[in-house]
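Student: These are the residues of each chain, in order.
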Amino acid sequence: MRLHCPICGERDRREFYYQGAAVMLERPGPDAGAAAWDDYLHLRDNTAGDLDELWSHDAGCGAWLRVTRNVSTHEIKTVVLAREIKR
Amino acid sequence: MAELMAKTPLDDMPPRGIGSCTLEEIDLGALTSISPYAGAQIDAPFKAAHGMAWPAPNRATGKAGARAIWFGRDVSLLAGPKPDPKLAEYAALTDQSDAWTAVALSGDRVEDVLARLVPLDLSVAQFKRGHTARSQIQHMNASVTRIGTDRFLLMVFRSMAGTLLHDLERAMASVASRG
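Chains as they are written, first to last, in the working numbering: chain A, 1 to 87; chain B, 1001 to 1179.
Derived from the structure by calculation, the hints contain no laboratory data.
Be aware that a few hints might be false.
Unchecked claim - SDA-like cross-link-like pairs, simulated, lysine to any residue; straight-line CA separation at most 25 Å:
#1 B:K1007 to A:L3
#2 B:K1128 to A:R13
#3 B:K1086 to A:T68
#4 A:K77 to B:N1058
#5 B:K1128 to A:T68
#6 B:K1128 to B:G1148
#7 B:K1128 to A:D58
#8 B:K1128 to A:A63
#9 B:K1086 to B:P1036
#10 B:K1047 to A:D12
#11 A:K77 to B:M1013
#12 B:K1047 to A:E10
#13 A:K77 to B:P1057
#14 B:K1128 to A:R2
#15 B:K1047 to A:I7
#16 A:K77 to A:M1
#17 A:K77 to B:R1073
#18 B:K1128 to A:E10
#19 B:K1128 to A:H4
#20 A:K77 to B:D1121
#21 B:K1047 to A:K77
#22 B:K1047 to B:N1058
#23 B:K1063 to A:I7
#24 B:K1128 to A:K77
Said to hold, decoys possible - Pulled from the structure, derived: some chain A residues nowhere near chain B, Cβ distances all over 10 Å:
#25 A21
#26 G29
#27 D31
#28 D38
#29 Y40
#30 T47
#31 I76
The beta-carbon is built from N, C-alpha and C at its ideal position, and this holds for glycine as well.
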């Protein structure tokens, strides 16, 4: 499996660290309430098909990436820098 | 007062030749990571201060004795001269001297040796002089830069010096044994 890092180009999977679903990019506000925080921290949909995930290019440039991957086929659809999504 | 002597990561190892390749420890001089602040325009001040271009991602500028090596997202490594303090206006300057093991691997089969250790296409068609990459050497996070036709600069954390030497020697021997 290879990922196309927007900074480094196409790289082997071993250079990356997998963090999980990209919900971490949608952090609730400090006063959003217990239900929103519970959802953010613990609840995941676990559906088949395309999933937005966070990967770190740990052994490369160090950037966090949002990778859209089909979890059934492992097809990589898009890779963008997490920095360009947030804010 | 006690007189302290600096030791290099590989303890001034003499150059080691195996097959047609040679491994040398090199002293890059002062090492400084330069991380530009958000929105700072560092290109012109860096060029004015050190006489070489600020490197684009995956590129290195300068020459032996004074290099600027792209070192990751929004960070480059100045190797050789001490940084001009004026650059602190544009970027965070952090001393990295003594933190990295630096070796030069050269020889006409250097690409074959590195092909066993680095998950990148380092052939000259893809990875020319002045190209650099952050990647891995075996399991070590590393910086790999082509500094000559058959010559690469390899850097890993200082604590990994022994493992780097071991892995490179094994790969050099294995390439040499294939004749």
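Student: Go through the numbered hints given earlier and state which of them the structure violates, listing their numbers in rising order.
Tutor: Hints 1, 3, 5, 10, 11, 12, 21 and 24 not satisfied by this model.
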